[in-house]
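Protein chains in written order, with the UniProt record's numbering: chain A, 1 to 219; chain B, 1 to 219.
It should be emphasised that the hints constitute simulated quantities derived from the structure, not laboratory data.
One thing to keep in mind: the hints can contain errors.
[To be verified] Ranges between beta-carbon positions, derived for each pair:
id, chain 1, residue 1, chain 2, residue 2, range
1, A, 113, B, 83, 44 to 50 Å
2, B, 11, A, 118, 35 to 41 Å
3, B, 145, A, 216, 29 to 35 Å
4, A, 152, B, 104, 34 to 40 Å
Think of the CB as a built atom: it goes at the ideal place given N, C-alpha and C, for glycine as much as any other residue.
2 protein chains.
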Amino acid sequence: MAPKSRSYQLSATPFVIFAQLLAIAVTTLVFVLYLHFEGGFAFESEDKTKIFNVHPFLMVLGLIIIGGEAIMAYKIVPGDRRTQKGVHLILHLLALTAGILGIVFIFRFHNEIGAKDMQTLHSWLGIITISLYGLQWVLAFFAYCFPGGEMSRRGTLLPWHIFVGMVIFLLAVATALTGLSGFSNLLLSTKGYILNFTGLLILLFAITVTLTVILPRGY
Amino acid sequence: MAPKSRSYQLSATPFVIFAQLLAIAVTTLVFVLYLHFEGGFAFESEDKTKIFNVHPFLMVLGLIIIGGEAIMAYKIVPGDRRTQKGVHLILHLLALTAGILGIVFIFRFHNEIGAKDMQTLHSWLGIITISLYGLQWVLAFFAYCFPGGEMSRRGTLLPWHIFVGMVIFLLAVATALTGLSGFSNLLLSTKGYILNFTGLLILLFAITVTLTVILPRGY
């Protein structure tokens, strides 16, 4: 990743398009999994699974898919940098909100079934991810929006903003994989395959988003 | 990651040193976990856990730690590029061998306890990782060692070699996290904490190795 982006001799455009196809595929699988196989969603229900289901739904489609689109905003959105920045900022706020809600629902689920919180590596990774996500959003808002730092400072900060942002995004993906893998077993037949393929497609989405960050804009 | 490495205004050296401390910490935790808590290692034993233990041991210390050192060779090894390349190539071969052996041991363990293979997301991610690792090693050997491509071709290929290499390394890390998280639960008290902290330290090692790739050599 060290060499200049030009040296890849490709533009981000084909990967931006591929990422949209992957986003559609992941969204479809998540809906099939949690609506068809797992009985849907609920805030209150006798069937506690419905409360649990909100957690992976918000995490995958909110934090990861919308978060990924936010990252790609600079390569997708036509027009000036101001518009791109606005889309980047708002999509990340949406993703962060979905992530926080998703965590609220898993605590709620644990509370309903009387399970202890924060026991697993998945939960530790998740709390670290959401904390860094929030921190990164707030710091970047101060530095790049309001009140906004000096231009030279912004420039110095930018590579670190991008690096830390990518670390947080890939951390979210790794956390999702640990979460999905806790339930994945082909002994569950169709459901197991859907879980495994959801994991693989999320991974492919993450790789594609990373490529669009490295490669130059195509138009 | 798109901007030039100079713009980070830091050299890789402090991160190379930090990575060594993390490598020592992970190695210590893995030894404590599998020797003290899990009863050690065996190729044949009535205690099947001892056969299983070889798998995470080889994967974490072989594929991830030695693999990470191989990646950092260009920032660690003093002397000319030829020496660095030799160290990079040999350490990756060691890591790959450890990875293949680690997979042999998990198939052996499944066979001994009569479990089905390749059921989980962890196993799918693992097989993909080791296949890509082997492919990347062989292709890079042909391109950069023997017979070796034209100089201009090597240059064109290099950013992709680095990008694909980092994808494989981070894939190995994500796979390890899904593996560890399958056993992590603080209800296991001390052992649970060791598992979770091993996961976090592996993650920190991965981030640090990635930084050393992006940042320029310090001396």
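**Study point:** Hints the structure fails to honour
**Key:** 1, 4
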